[in-house]
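Enquirer: So you can see what is in the structure, the chains are spelled out below.
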Amino acid sequence: MEVKPNETKQISPFFVFFLMPGMQIGVGILGFERIIAKESGQDAWISVLISGLIINVLLWMCFKLLGRGPQTLDLVAIHKDLFGKWVGNAFNILFILYFIMISIILIRTYLEVIQVWMFPGVNVLMLITIILILVYRFVEGGFRVITGFCIIGLMIGSPLFLLNYFPLKYAHFENLGPFLDHSFLEIMKACKKMTLNYLGFELILIYYPFIKNREKSQKWAHLGALFTMVIYVVSILVSLAYYHQDQLKDVIWATLTLWKIVDLPFIERFEYIGISVWLFMVLPNVCLGVWAASRTAKRVFGYRQKKMLVLILIIILVSCIFLDNRYRIDKFNTISSQIGFYIVYLYLPLLFIWQSIVYKFRGHKS
Amino acid sequence: MRFFKGKREMDSASFQVTSKDFQELLKKFKTSDDFLTFQFPNDDGYIISYFNSLVSVQQLHEQVLAVMSNQPKKVLKQLKGDIPMEDMKLTADLKDIQRLVLEGSIMIQYKQDDEMCLLIPCVHSVKRQISTPESEYTVVGSKEAFVESLDSNLNLIRNRLPTPELQSKEFRVGSISQTRIAVLYIDGVVNQQIIKTVIQRIEDIEYDTIVDISFVSQMITDNRNSMFPQLIDTERPDHLASVLSEGKIGIMLDGSPHALVGPNTIISFFSSFEDYFQIWNLGTSFRLIRLFAVLFSVLSSPLYVAVLTYHYQVIPTDLLPILISSRGVIPFPPILEAIVLEGTIELLREAAVRLPAKVGSTIGIVGGIVIGSAAVEAGFVSNVLLMLVALAALASFTVPIYQISNTIRLIRFPFLIAAQLYGLFGIALCSAFILSHLLKLTSLGSPYLDPLYPLRIHDFKDSLIRLPFSKQKKRPQFLRTENPLRIRKEAEKRNTRNDIDE
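From first to last, the protein sequence lines are chains A and B. Here the first sequence is numbered in the numbering used here, starting from 1 and rising by one per residue. Here the second sequence is numbered in the numbering used here, starting from 1 and rising by one per residue.
Be careful, since some hints might not be right.
What the hints assert, rightly or not - Computed footprint of chain A on chain B; a stretch qualifies when at least three of its residues, placed anywhere within it, have a C-beta under 8 angstroms from a C-beta of chain A:
hint: 1; segment: 309 to 323
hint: 2; segment: 418 to 426
hint: 3; segment: 450 to 462
The hints are simulated quantities; they were obtained by calculation from the structure and are not laboratory data. Beta carbons: idealized from backbone N, C-alpha and C, even for Gly.
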């Protein structure tokens, strides 16, 4: 099974710019401030900045991983190349589970927002079913359709970033000082907490074969990741300037709460609109995650991707039934943040080093 | 006037012959009472037969019978030389005979039961005069519209595009109707792949009678179940001529006063041809107003239902008393109120379309004023919603293409139901469902959502906005034309910018 998508199924390298933030910005941004600020206080934005830069380094590694070998165009091929069929497939299955996990977090957390802010008594099972049907419709269209959804979702969702203007009217920029008041360890701890929000860039390992003129895509990928970073840094700066530190500790959904103060002559309580429109930011993430999982599953097990897709959606549905209260969701979030952290910060660099060693060895041989 | 004579021969293969031999065919013809057979000039003369409903009697008298009557009987080959008519055919081929006689040719045999016939085209066709466009009327611009005759329509197009590159490929569709259908395009501009697709799909059409181009439209579109039309049908020859030079293709059917145009993007359904008759900034503004009107028309009543059912907090305090006083006495939930009113509007529209024009306007007045105000006074619906629904109906009339306005009419009902189920979030869900459909949709193989996706910055120059003609140097990218340049010569650049008072 080699990866050779038809040219009509491929996307131009420019679109990678949208795929990066499309996958990285999801529900996390609605409430990441509290968790980061808990660790590094007013210096939280530095952590966001640093981890954003680290992500770019990791992204560079991903491109190196993909570009070195002649046939290693995606993760499955890399694993097979480095570890052989059986061990490689074991790693692949881990990654499938990881992608499914990301999708579950995204859907469940977004639904929690809806439960808390809009419909406290909503039938979660029914809503999840509807959303999963929607996901099926997008993923069934293939990678091009998902990319289109990312781009259009970003177009529809990004005006919401302009809402940051409203809290700025009440901002106290002195909240940001004193500068660098926290230890290096504290800042790095916050960086670790920030990982979950930046996750998603590693999907490049799956969709790389779907890019036309792949070499040109790296520039756009880095720009996209930097764009995500800018969005996060601006968000946290606004939150830090608006809230007092002690207050921020108690605000679970900081960005969402900021939408409440949007004041327009014809609309009050803007967050109702904001949360609804945010669907167009969250759903592309879920679709990409599910697509990546089903694509990898297809490459590993050799079944039709549609069958795999249905199976994965059922897994997500069942898992969401078990995640039925705040406590469990939070715990699941923490665990998956940990897993994500180790996969991205530990596994990827190790894989990178291992590949370097193997290739050097092979180079000597030939 | 007839163009493309040669092409007629080619498609004779697709013509089905149901008779076994010549005699059987003749017998079939003769059973019909409008088929005439007689001998001329005397009892020993040629046998002339034709459908008198199809043949121009005047031409027959002047060009054919006049020549025959003064001469002794000759063989058909010689006779062919004497008659001053074009495109005659001497043949014994059953297919040709059946086709040409049914198209309005006169059949001349030397003697009874002779299978060799001379076929003289002598068509008498009933044509409507070219009139003004009705569904795409514009204040300025040409006042010609297509008519039912394919030849007249081709004439209108060829007069506008006098270039040998303008090609027409003719086919016949319908096993009974054998309707002529023509695919028009400009060679060297249009992408050959699109033509191949269209021709393939036309050849695949299997149906007995094709009476209108909308039949063809439904049979050759990419997604045959989509509510969103993928091919525009136009009645304006200037519209067709201009999109042909853009690199699109046109399809015309004999007997239908419309032409199909494709491939299209969703934006092209909201752009009126009149936008090009105005200066670009006005044209752009009206186009944007129209797009806004469409969004308003689809979303206004669902938003009303969503906000009043779930999110009354969104309404500012100053606005709340007005809504309360208008809705306070209404016994129904907002969704019922909205469905009743939207249903009424749909009823009125349908009634107004079916009725003759003069009665139709009365329906509008009765419906709009009498029923509406009565419903509000009786306390069935709130006047705020009445206003919204009426505005939405008005907004939906700004859409220049008839087919998509039907889509807009219907699409608000799923939105209403979604709004009732999950409020604003439901509206977002419903939009996402529609987006998932639109993203997959293609028009003759081109993506439907261009230039939004695939994001093509160049194509924005004539989509949501319309830039001046000097900026339209390139043809739209989504058409993948063979010659992307519209303006060949670079406009002379002014090197020195004029300063004040120079």
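Enquirer: Please go over all the hints and tell whether each is borne out by the structure.
Expert: A quick look at each hint next to the structure:
Counting residues of the segment 309 to 323 of chain B whose CB lies closer than 8 angstroms to any CB of chain A gives 8, so the stated coverage by that chain holds, three being the minimum. Residues of the segment 418 to 426 of chain B lying with their CB closer than 8 angstroms to a CB of chain A number 4, which satisfies the three-residue condition for coverage. Counting residues of the segment 450 to 462 of chain B whose beta carbon lies closer than 8 angstroms to any beta carbon of chain A gives 4, which reaches the threshold of three, so the coverage claim holds.
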